[in-house]
Structures are given as C-alpha cells and as structure tokens.
Amino acid sequence: MGTQRRHAPTVVAASLLVLSAALPALAGSASMRETMFSVLLAIGLAASLNILLGYCGYASFGHVVFFGIGGYAGFYLVAVQGAHLATAIAGGGLVAGAFAAGLGAAILRLRGPHFALATIGVNEAVKALIVNIEPLGGPTGMNLNVSVFRAYGGAAGMLWAAYGTAAAIAVGAVVLGGLVRTSRFGLGLLVIREDEDAAAVLGVVAWRYKVGAYVLSAVFPGMLGALFFFKQGVIEPAGAFRLDLSVELLVMVMLGGAGTVLGPLVGAGSYQLLRSGLLTSDLEVLGVRIRDVQLAVAGALLLLVVQLVPAGLVGWARGRWLALRSRPA
Amino acid sequence: MRTGFRPSVGLALAALVLACPSCSSKPAEAPGERSESSSPPSNAPTVVVGYTASASGKLNVESIRQRNGLELWREHVNATGAWRVETRWYDDESRSDRIQELYTRLATNDHANFLISPYSSGLTAAAAVISEQYGIPMISTGAASDSTYQQGLTMVYQVYTPASQYLTGALDLLAARLPDLKKLAILHEADRFSSDVAAAVKARAEASGYAVVLDEGYDSATTDFSPFINKIQQARPDAVVGGGHFQDGSALARQLADKRVAVPFVALLVAPPEPSFAELGSAAIGIVGPSQWEPQAAYDAAAAQAAGTRWVGPTGAEFAHAYLQAFGEQPSYHAAGGYAAGLVLQDALQRAGSGEATALKTALDATDIMTFFGRTTFATAPESHGLQVGHLMVYVQWQQGAGGKPVKRVVWPAAAASAELAARPTP
Amino acid sequence: MWSETLLASTVDGLLIGVVYGLAALGLTLIFGVMNVVNLAHGPTMTLGMFGIYLSATKLGLHPFAGLVLVAAGGLLLGVGIYVVAVKRVIDAPHLASLLATFSVNLMIVGVATAIFSTSFRNLSHDLGVLRAGPIAVPGTRVAAALLAVAVAAALQVFLTRTRLGKYVRAVAANRAAAELVGIPSARVLALSFGIGTMLAATAGGLIALSLPFTVLSGGVYELKSFVIVVLGGLGNPLGALVGGVVLGLIEGIVPVFARATWVPVLEYGLFVLILLVRPSGLLGGGR
Chain B
1 MGTQRRHAPT VVAASLLVLS AALPALAGSA SMRETMFSVL LAIGLAASLN
51 ILLGYCGYAS FGHVVFFGIG GYAGFYLVAV QGAHLATAIA GGGLVAGAFA
101 AGLGAAILRL RGPHFALATI GVNEAVKALI VNIEPLGGPT GMNLNVSVFR
151 AYGGAAGMLW AAYGTAAAIA VGAVVLGGLV RTSRFGLGLL VIREDEDAAA
201 VLGVVAWRYK VGAYVLSAVF PGMLGALFFF KQGVIEPAGA FRLDLSVELL
251 VMVMLGGAGT VLGPLVGAGS YQLLRSGLLT SDLEVLGVRI RDVQLAVAGA
301 LLLLVVQLVP AGLVGWARGR WLALRSRPA
Chain Y
1001 MRTGFRPSVG LALAALVLAC PSCSSKPAEA PGERSESSSP PSNAPTVVVG
1051 YTASASGKLN VESIRQRNGL ELWREHVNAT GAWRVETRWY DDESRSDRIQ
1101 ELYTRLATND HANFLISPYS SGLTAAAAVI SEQYGIPMIS TGAASDSTYQ
1151 QGLTMVYQVY TPASQYLTGA LDLLAARLPD LKKLAILHEA DRFSSDVAAA
1201 VKARAEASGY AVVLDEGYDS ATTDFSPFIN KIQQARPDAV VGGGHFQDGS
1251 ALARQLADKR VAVPFVALLV APPEPSFAEL GSAAIGIVGP SQWEPQAAYD
1301 AAAAQAAGTR WVGPTGAEFA HAYLQAFGEQ PSYHAAGGYA AGLVLQDALQ
1351 RAGSGEATAL KTALDATDIM TFFGRTTFAT APESHGLQVG HLMVYVQWQQ
1401 GAGGKPVKRV VWPAAAASAE LAARPTP
Chain A
2001 MWSETLLAST VDGLLIGVVY GLAALGLTLI FGVMNVVNLA HGPTMTLGMF
2051 GIYLSATKLG LHPFAGLVLV AAGGLLLGVG IYVVAVKRVI DAPHLASLLA
2101 TFSVNLMIVG VATAIFSTSF RNLSHDLGVL RAGPIAVPGT RVAAALLAVA
2151 VAAALQVFLT RTRLGKYVRA VAANRAAAEL VGIPSARVLA LSFGIGTMLA
2201 ATAGGLIALS LPFTVLSGGV YELKSFVIVV LGGLGNPLGA LVGGVVLGLI
2251 EGIVPVFARA TWVPVLEYGL FVLILLVRPS GLLGGGR
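Quick note, the sequences are listed as chains B, Y and A, same order.
Positions 1 to 329 (our numbering) are the ones given, in order, by the first sequence.
Positions 1001 to 1427 (our numbering) are the ones given, in order, by the second sequence.
Positions 2001 to 2287 (our numbering) are the ones given, in order, by the third sequence.
If you're looking for bench data, these hints aren't it; they were derived computationally from the structure.
The model shown is predicted, which means the values in this text are computed figures rather than measured ones.
Any given hint could turn out to be false.
What the hints assert, rightly or not - Okay, the calculated bits of chain Y under chain A, using three or more residues with CB under 8 Å as the criterion:
no. : segment
1   : 1059-1065
2   : 1215-1229
3   : 1251-1262
4   : 1278-1285
5   : 1311-1324
Positions of the beta carbon are idealized from the N, C-alpha and C atoms, including for glycine.
Starting from the given sequences, assemble the full structure and let the hints guide the process.
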C-alpha cells in the first residue's frame, strides 16, 4: 500500500474540513459561522475520542472531563492571569494532556464497562472538586470582562478569530487521527483493540500504547475547552463537565463509524446539523411540532442507526462499496 | 480490512457537512405565534424581537412561563396598533452550548431589532456576547446574578432585582416582625445564583447582628436533605434561609415538615412563589419566599406619581386576568417578568420613535418607569451598566387559608403586604 | 450532641440507602444477565414516580396500590424496551447496547417533558413520624425502606426457588450452555430486562412517596445507581443492596463532619478507587 493511498482518507478529510470551514468566511455569514463553530467543535472532540474509542477500543464515557479541565485552565489563564488566548489554548491542551497521562496509567487497566463507568466517575469527581476550589470561582464559576475581547477586535473580531482557531484545531485533530491510524503506533492500538492479551504476546507494550492514545485523545479537547469557554465569556462547573455532551460524542463517533478517519467528521457533522435542524425546524407531523419533541426524535433516529447501521455511516458505505466492486462486471 | 477505501465514498457522505446549514430552514415562526387575530394597521412600524426559551431541560418551567408572558405582551402591543411586533424564538434546551449559535441566527437570519435573554444567568452571559457583537439591545429577565452586569457590557438591561438582594429583604422582614429571632442558619444550593444570594445574605446578617450558626452549600443533585436537617436540629437556629431552585427547595420544605422541624422562620429561593408549591400541602404552611412580583403587589398610577415616575402598561389585576385567560393558570413572577420585559421595550420604542439600535439604547439608558411589575431603572455607569437599581423584591408566605388549603400572601414590604407575617407553625 | 446527629443521620442514610439499593438492583440484574449497562435506567425510575403520582391523583388509588400498577407497568415496559431496542444489539460490542438504551432514555425524557414539563410533583402522603430520642423518621421513609427490602427478598426467592428464576441465573452464568440444555434464552433475556426495569420503576415509586420529583429526577438517581453497582460489584444482586446502604450512609454521615459539597467528591473518588483496586466490589467474589 503506497504512502499516497495510505494517507488518502486523511487528505480528503482535511481538505473537506478546510473547505467547509471556509464557507462561512466566503459567504460572510455570521449565522453560518456559528452553526459551523458547533460543528467544528464537535468534529474536533469526536476525532479525538475516536483515537481512543475507535482505534484502541476503549469507550470513554467521561471524555468531556478534558474539555472541562482545559476550559478551566484556559479561563483561569485569561481571566485571572491576563494571558492571551493562544497561551490559554496551549495551557488548556497541556493541562488536559498531563491529567490524561497521570490518570491513564491508573484507569486504563480497566476494560469494557468498568472503564466506561470509571471515566464517568472521574468526570463527576473533578466537577465536584472544582465546586470546592475557590480560586476557580467555586460553585459560581468565573466571568470574563468584555473588555478582554478588545484585544481581538471587539466581540465581532473575537468571534471570527475563535472560529478560525476552532477550524485549525479541528483540522489538527482530524489529521492527528489520520496520522495515528496509519502509523506503527496506530497499528499497535488496533492490535490492542482486537485482542489485548494477544497484543502482549506479540510484544506490544500495551499500557504504553494505551496511555499514549489517551493523552493524544485528551489534548485537543483541552484546547477546544479553553477556546469554547473563552468565547462564551463564562464558565461554571455544571456547564463545563456535562456528561450528556460526553454521550453525544460517543453517538457522533458511532454514527460516522468508529475507527475510521472520516467517521468522526461525518458523524459529528451530520449529528450537529441534524440537532440544530430539529431545534429550528417548523415541521409538523400529525399535529405535533417536531421542535417540541426534538429530543425524542433524536433518540428515535439514533435507535434506528444503532439497530440498522451498527458500523456507522462510513463503515456502511464502505461495506456497500466493497460489495459492489467485488461483484463480477 | 480497511485497504479498499475510496475517497469518493467519503465525499458523497461528507457532503452532509458541506451542505449549507442555514439556508435550508425557514425563519422560525410557528403557526399561532403571530397575532393574526389582532392584526394592526399595516402602516405600523414592524419590530422583530428574538429570544431563546428552554422548551426542554431543567429550566423548562420557568423559561416557558417567561415566554408566555412575553408572547402575551406581544399580542397586547399589536392590539394597540402603534407597533407591529413579531417574535422569533428557538429552544435552547437549558444548555449554553448553542446559545451563541441561536442568538447569532436571531440577529442575522431573523433580523431581530431587539433581543430578550434566555432564562438563567449562565445562559444570559453567553448570549450577551452576541448582543454586544451586533450592538442589539437585550433585556434580560430571569437572569439575576450581579456578576453578569459587572463585565463591561453596554447593551444588556436587567429587569429583575439582582441576586444580591433576594434574601436581604427577608432579614428586614425578620427584624421588623419577629425581632426576637437572632440565630440564623444558611443552607443553599452550591450553584452560581444561590451562592451569590447566600454570600450577600450572610454578609448582611453578620453586619446586622445575627449569629450565623450554620452556613452550608449542598450539591445541585442533592435529593435527600435529612443530613442537613439533622444538622439544623443540632444547631437550633431560629430561622433558616437559603434553598436554590424548584426541585431542591420543594424537597427541603417537605422534609422540614416530614421531620417535624420547629423553626419559626424559613425563607427559600425560587420555589415558594411558584403556584405549584401548594402541592406540598401542609408542608408549605409558613414558608416564606422572595418574589420578583406577585398579583397582589400594589403598584398603580398613584404609586408611580407618589414615587415621582411614570406609569406604563396594565395593572397587575389586568395582567393576571389576561394571563389566566390565555394560559389557564395564575401567572408566576417568571411570567410577569417576561411581560415586563416587553413593557420596558415598548416604552423605549415610544420614546426612541423607531426600532433602530442606537436610539433604543439611548432610550433604555434613560428608562425610569413604573409598571405592574414595579419600578424599573438601570445603572448606566460603565462598571455596572444595565444592572437593575429600581425594582424591589416582595416576600410571600404560604398561610393557612379557608378549608385548610395553603394560600400565598404578600407579607413584605409593609406597603405591599396583604397579610401579616405569621411564625411558621410547628408541623 | 454530635453523637445524636450522627445517630439520626445514620438511620436516615440506612433507610434511603435501601431504596437506592433496590433501584441499583435492577441495573445490576440486567448487567449480570446480559452484560448490558442500561442507560434508560433513570427515565424508567422517573416513569415509576409519575406512575404512582398519577394513579394517586388521577385514579384516586392508594399509593401502595399504585405501586402494584407501577411494578406491572415496569415489567411490560422493560420487555418492550428489550424487544425494540436491545434484542438486536445484545451480541454486538457493548457500546452498541449502551447507545441503544441511551436512545430510549432520550425518547422517554423527550416525550415526558413535552407532556409533563419539568415542573416538580409532590405526592402528599403523610404516615406520621416515628420518634426515638434524637431520631425522627417520617413514616413514608420507613414504609419505603421496608417495601424495598420485601421486594428484594421476593426477587431472591424468585431467583433461587422458582424454575423461571433458575433459568435466569443459568442464562446469566452461561447463555450458550443454557441454550444447550433447552432453556429458551431469548424469552429469559426479555424477562430479565423486564424485571430489571420493574425494580427501577418500583424504586422510583418508593422514592416518590417521600420526595418531590420532576421529569429529570431519574438522571440523578441513575448516577447514584452506577456508584452503587460498582460499590457492590457489577452483576452482584446482594452487593447492590449493600452498596445502596453504603451510599446512603456516606450521604448521611459525611455532612455531619465536613462541608456537604465534598460528599460527591468523596463518593465518586471512592467509586473510581473501588473500580481500580477491587473491581468485584466491596463484597468481593460476586459473579
């Protein structure tokens, strides 16, 4: 398999992402920009989670903890230390990565549902801990003075700058996912996913690989957290460590196809557009406005996907494609 | 297993991502949300008001009542024929994630001239960034935390009395009516709003000579209050103040009664003014709560004149009647806040003469009116621009009514009171 | 004085802990039989709360009679959820069943919010107060705890003494082997999911006896159930009850000595720690 072919999905994914990210700027549409910001944020988070979930087979239900920790670290740097956004983002990524390194060594010994439950526990424990840390605002959280945005061209300039940064981080996360997928390291992860015990026999030092994957999957969420809460201008424990966001990320990865490079992109993109479409739609079915029961509709659609397309959209499409190709002409 | 990948497959699928997200959907006005029945003269200038409400999630009840109040105002103002107000709204799911996305959509796609805040301080702080970006004035209702208005905002105007004053009036009430009670226990939810309230009431209590024998925050997910109640029993306070929101406040009140706790004064946030607090039955009796507004509040044109300000809009009784007709329930203060936000906008529109943002902002800065909701004036100094400085809280108490059913009565301030404060009976 | 508060809080923690334990029993039973972590657990508890509330307010039933309705409804609901959402994914990687049950969660919460809004409900049912020295316990709490123990005991009898119960245990131990000896595993799985859901709904109903609730309350208790099943060991029924009591005691006793906001830190810290050093739970062994 040639290098070109090997990296094809990554190149496609990255170009797609850059192109779609450029659309709002080309159209000069702020509304499109904000919708795309949510999409890019989700893609960055889902692509990161995919490194752990898709390649390594570890379902982290509390992945939002890195988003929250990065958010708090970044917000603290900007609001209290007066740092620049760039520093805050770097700081957010660093703190999240370091936390993953420390934590990973311990909890990656667990497998399957035990690991999933442990990540939930970690998220809740960190959230509860931050409520007790006064320098981080305790239960009240922290606010950002609007004057901070002046350095980035006021609220308007800041929103565009934040958008560009989100696009860059999302591309970074997707490219990282692609690079890991095609590397020797990624191969090791796949072996662990398929059979962790056999991996050990083959000489893959499992814990080192796993912790590596865990750290890689934490850094970009940390950076995105710092960016997101800077843009919000406010951070609170309840909003920073939302478990349902974690679950939504899993849904996105599964929807697109876990373990593929394009999967998180497709999954996060379609999920976010679907949700925002449902939220703003005026569609009525049998006299019930879809918008009023959008949560239930989202649930029903998810159930259909899980039941009918368990491999995710990308996995399903690939399966169809391979079947078509193998059919004699 | 994954060697046969062809980019074209991904391309076709990922076109989903490329598909322009905002051009496919129509503007979000649902049938019945525009007042077709009372269509004003076609020459009335049109103003578009945008907001989000929590049709789902934990803020659902308060937020939807706020929306009901606002929509009732829209019908009324359109009936006057002076303005043609249209509203656009989206569900924010009680989450801050999409607030900025939805408010940007309101500002650009829906061409809102004016914004109303979501319910809650956290969501409002995120929406404020968008209001600043587009220079569109936003009236906040249901967003009480003081800190939001100390961040250099220039376009946000608060209708509610800020959090720091929610329970300080309860101390005045206590001092005036039950002066022998001197030992205070503060028990509050550990979230943004309730912690702000608790910090302010604690400072005030200590300054006015109360002994704070217990000061404790509880996690928002707390369901069982037995341990705290046991602690209260041990500390033997004369008064308990605090609480947080609906769920915890109602649970706390019920368990205080279930465990037969004899404390003569209990004041809780948010839950008691809610009409459904009556579901607690005898557990509701004696509980005091701060309210932004009550139907019995005695604000009228004469009161406005006495205070040296202008009277605007309907009386409290008229509002309450119209609301009952429209929605089949008594209005809570959240509903009144939504309507009052509309009135403040209407008054500013009259004075500005148009829906143009700068003119509106100038008019809002100069607002000094009295409505059925009470007085409204905004701070204009840059460090706290938009903070509400005119409006006062009222305090309600659930008392034994005819037939043993609990009834809600206003007990403070003295001028607005419909009944005397009664010491909470030992359950 | 301190010791009195401690004693009172211990009793309170015990009583509520048993009810938490009953809810967790439902979660752990489903996991034990089919290796599925049921993310629709919380909303089914919510439905139990609304079930008992509505049967009292709309049908005028006594709450204890309502409880029977709730249990029956829970059983049917569970079988329904199994057939619609779980059956097809039961042998897929565990993430698929998590997502399937999560989607059921979304649907229940979405529809229930549209119908009931998130306003709180309260079932006024006063059974008086039992007093002993510093201890004052509402009768509803005592009744809920006793009923929870009774239901758990009935489950134990069912699992050990009846043919159907033995089938359930056989399928839990080794499904392939159970099928070989002619046990209709498909039906047993559906039944087990039904019983698990029934326990969750019943626990929800018992909680509604003494605490106000909303459409979203189930989410809070779902997290508690997770902690409990880990404390007791995943898949261990007795462990779930013990775990419930332990959680109830932590919630009752810790606030006596420390600020209450440290309770969840301790709870979840302990939760992670147990997973790491004693994944079979406090009782050990288990399955």
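Here is what the structure says about each hint:
Beta-carbon proximity to chain A at under 8 Å applies to 4 residues in the segment 1059-1065 of chain Y; the threshold of 3 is reached and the given coverage holds. With a cut-off of 8 Å between beta carbons, the segment 1215-1229 of chain Y has 11 residues touching chain A; three or more are needed, and the interface restraint holds. Taking a C-beta to C-beta cut-off of 8 Å, the segment 1251-1262 of chain Y contributes 6 residues in contact with chain A, enough for the three needed, and the coverage statement holds. Under the rule that three or more residues need a Cβ within less than 8 Å of chain A, the assignment of the segment 1278-1285 of chain Y holds, with 5 such residues.
Note: the segment 1311-1324 of chain Y has 0 residues with beta-carbon separation from chain A under 8 Å; the three-residue rule is not met and the coverage is violated.
Hint 5 alone, counting from the list given before, is not met by this structure.
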